[in-house]
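Engineer: Using the sequences provided together with the hints, build the complete structure.
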Amino acid sequence: MRKKKTLSEYSTGELVLYRFRKNKLAMLGVAMFLFVALFILFAPLIRPYDTVVKQNIADRLQGPSSEYIFGTDELGRDLFSRILYGGRISLFCSLAIIAIAFVSGALIGGAAGFFGGKVDTVLMRIVDMLMSVPSALLAMAIITALGNGVWKLVLALAIGQIPRFARMVRSSVITLRNMEYVEAARCFGISSMKIMLKHILPNGIGPIVVSATLTLGAVILSISSMGYLGLGVASPTPEWGTIISENKVNIQYYPYLGIIPGICIMLTVMSVNFIGDGLRDAFDPKSKN
Amino acid sequence: MSDYLLEVNDLHVQYNTDDSVVHALNGLNLRLKEGEKLGLVGETGAGKTTLALSILRLLPKVGQIVSGSIKYKGEELLDKNEAYMLGLRGRRVSMIFQDPMTSLNPVKTVGNQILEVLNLHFPDLSKDEKEKKVDEMLQLVGIPASRKGEFPHQFSGGMKQRVVIAMALIAEPELLLADEPTTALDVTIQAQIMALMGQLKEKFNSAVLLITHDLGVVAEFCDTVSVIYAGRVVEHGAVEDIFMGNENHPYTKGLIGCIPDLSKDEDRLHPIPGSMVDARSIPEGCAFADRCPHCMDICRKIIPEEHVNGTHSVFCHLYDAIKEGEK
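Protein chains in written order, with numbering that gives the first Met the number 0: chain F, 0 to 288; chain B, 0 to 326.
Please keep in mind that the hints were generated in silico from the structure rather than gathered at the bench. Here the structure is a predicted model, which is why all the values come from computation and not from measurement. Possibly wrong hints are sitting among the right ones.
[Stated by the list, open to error] Below, in silico cross-link-like pairs of lysine to any residue (SDA-like), each with a Cα-Cα straight-line distance of 20 angstroms or less:
#  : chain 1 : residue 1 : chain 2 : residue 2
1  : B       : Lys126    : F       : Gly12
2  : F       : Lys117    : B       : Lys60
3  : B       : Lys60     : F       : Gly12
4  : F       : Lys193    : B       : Lys32
5  : B       : Lys32     : B       : Asp222
6  : F       : Lys197    : B       : Lys32
7  : F       : Lys197    : B       : Thr101
8  : F       : Lys21     : B       : Gly148
9  : B       : Lys60     : F       : Met192
10 : F       : Lys285    : B       : Phe150
11 : B       : Lys200    : B       : Leu117
12 : F       : Lys197    : F       : Ile207
13 : F       : Lys285    : B       : Met100
14 : B       : Lys200    : B       : Thr101
[Said to hold, decoys possible] Just so you have them, the derived chain F footprint on chain B, three or more residues with Cβ under 8 angstroms:
#  : region
15 : 86 to 98
16 : 109 to 119
Even for Gly, the Cβ is constructed at its ideal location relative to N, Cα and C.
Structural biologist: If you want it as structure tokens, here you go:
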């Protein structure tokens with residue numbers, strides 16, 4: 000039999016993983032997320048791309064059946080295919096947006112909070128400038144300047160999300176850098192960089208991760224609102240938000256056209272929230288498990 | 000090579016705030032021999048913690064060392080660069096903080112926190128050797144090694160302070176700065192922690208600078224005592240000189256007078272009248288003059304000279320008056 004490790008033999012990272020795995024809701028979140036992500040990832044194996052754009056007017060507005068699992072839309076396009084391929088943009092772009100905004104926001108906010116003084120003033124005024132422009136308007140301006148395209152859309156929306164992360168990280172770093180254990184760490188000769196990574200980051204990351212996962216839903220919707228405005232992703236290229244908006248006239252009589260993509264968005268956001276919540280608990284040693 | 004491990008000469012430290020300058024240390028002198036236990040006694044705001052942070056060069060940004068020198072083994076610390084100080088902190092000079100509740104990182108196991116200090120200062124040891132040292136150190140401070148995987152919130156206050164002591168001593172520093180290590184603990188635990196520090200000090204032969212306002216702890220633990228007031232040493236001597244001598248500084252007398260004496264039938268304690276001098280405007284002459292029962296005209300004009308009597312030295316005009324009288 001394999002010797003069971005005692006708690007002390009785990010590194011801090013392993014402990015976080017250990018606590019995460021013990022959290023049932025978080026594991027459910029992972030399962031749901033993998034379920035959705037695998038379908039999307041292997042979409043070409045399930046349906047060829049043709050079916051996404053192929054119009055079949057004879058079969059328009061068919062309810063879910065064995066032939067069309069999720070039914071068809073106004074133009075007779077297979078909703079299942081559209082959702083499979085639409086998820087590529089919705090899911091992966093929104094994750095990319097969150098990742099970019101999270102990392103750059105954390106770097107900016109972390110530097111501003113940790114160094115303070117002039118660095119703080121300069122960085123935060125730049126962030127304030129970004130913040131003073133409504134994020135949808137900012138994204139529109141950036142896309143207009145850069146031109147249409149999925150990656151440009153990602154960049155534009157990510158820039159709009161940076162300020163919130165920068166502000167949040169900065170405030171938690173400022174709180175934490177004045178904690179006595181950070182001062183104690185200095186007294187033991189630990190360098191600023193290590194204090195930042197090993198003492199401040201693990202203490203402050205919990206709430207920020209949760210907030211990042213909660214932002215995901217909003218980001219999916221903002222991708223679709225950009226699409227609605229004809230920026231970034233436009234019909235006929237499918238995307239979950241766009242699917243809902245292009246079907247909105249028919250939703251009253253054919254509710255599955257709104258419900259099914261809505262459920263997809265909900266499942267994704269919910270699974271990511273569960274994961275985020277699980278991560279928050281895992282980062283906190285006081286959580287019971 | 001000087002005889003002293005730590006030599007602080009005429010140290011002036013101030014905090015520059017937006018609207019005023021706070022003079023925290025005003026010409027502080029201190030000598031500490033290797034292996035010596037020096038108690039630094041004074042009221043809140045006397046500059047005790049400022050001194051400890053100055054030695055480690057970790058004053059907050061508003062703090063500024065104006066003049067003076069801090070020599071460690073004959074080397075001037077104020078001239079060293081940050082890299083040198085990083086190697087010194089925790090390795091050769093360690094610090095124990097007042098409040099063990101907040102001086103441990105809540106998200107790291109205590110074992111890992113002690114290990115971090117080892118990793119930093121002894122990167123060449125193998126993983127097993129380091130683990131072994133951590134285990135030994137925990138046992139030394141009276142914590143079973145099996146608890147090293149636990150987090151700070153699973154320990155009581157006294158246990159946390161033991162962990163902090165383990166962190167401070169794992170690199171076997173030559174000097175330990177203990178900033179009110181027992182203030183946040185209850186009395187029975189205080190006695191245990193002081194006893195533990197005494198034992199470990201013998202084992203590692205570290206010098207200790209004990210910062211406290213608890214005269215009882217000082218009398219029990221220290222070899223020598225410096226009493227500081229408004230950022231200056233007003234009296235220095237062996238423990239016996241301070242507690243049993245007769246030529247004390249009026250401030251020291253006042254401090255000792257504040258301790259309740261159960262052998263006498265008295266209803267009231269004798270606090271020192273007034274409060275700590277405002278460090279934004281240190282008066283000319285002796286800073287204690289306003290609160291001193293023996294204040295003379297000269298006290299308000301000239302900073303008193305040192306009066307040395309064997310191991311005992313006092314900075315007070317009272318004794319030059321007496322000496323003048325003898326002549």
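Engineer: It remains to establish, for every hint, whether it holds in the given structure.
Structural biologist: Against the structure, the hints:
For the hint pairing B:Lys126 with F:Gly12, the CA-to-CA distance comes to about 17 angstroms; that is within 20 angstroms, so the pair holds. Between the alpha carbons of F:Lys117 and B:Lys60 the distance comes to roughly 13 angstroms, so the proposed pair stays at or under 20 angstroms and holds. Distance hint between B:Lys60 and F:Gly12 is unfulfilled; the C-alpha atoms sit about 33 angstroms from each other, more than 20 angstroms. Of the pairs offered as hints, the one joining F:Lys193 and B:Lys32 is violated, with about 33 angstroms between alpha carbons and a cut-off of 20 angstroms exceeded.
Distance hint between B:Lys32 and B:Asp222 is fulfilled; the C-alpha atoms sit about 11 angstroms from each other, no more than 20 angstroms. At roughly 36 angstroms between alpha-carbon atoms, F:Lys197 and B:Lys32 are farther apart than 20 angstroms, so this suggested pair is violated. Among the hinted pairs, F:Lys197 with B:Thr101 is consistent with the structure: their alpha-carbon atoms are about 16 angstroms apart, no more than 20 angstroms. Taking the CA atoms of F:Lys21 and B:Gly148, the gap is near 18 angstroms; set against the 20 angstroms cutoff, the hint holds.
Annotation: proposed proximity of B:Lys60 to F:Met192 holds, straight-line Cα distance about 18 angstroms (limit 20 angstroms). Between F:Lys285 and B:Phe150 the alpha-carbon distance is near 8 angstroms, which keeps this suggested pair within the 20 angstroms criterion. Of the supplied pair hints, the one linking B:Lys200 and B:Leu117 holds, its CA atoms being roughly 19 angstroms apart against a limit of 20 angstroms. Our distance criterion of 20 angstroms between C-alpha atoms is met by F:Lys197 and F:Ile207, whose separation comes to about 16 angstroms.
Proximity of F:Lys285 to B:Met100 is assessed by CA-CA distance (about 15 angstroms); at most 20 angstroms being required, the pair is judged to hold. A C-alpha spacing of about 24 angstroms is found between B:Lys200 and B:Thr101, which places the hinted pair above 20 angstroms, so the restraint is violated. Here the region 86 to 98 of chain B counts 9 residues with a CB under 8 angstroms from a CB of chain F, which clears the bar of 3, and the coverage holds. With a threshold of 8 angstroms between beta carbons, the proposed coverage of the region 109 to 119 of chain B by chain F holds, since 5 of its residues qualify and at least three are required.
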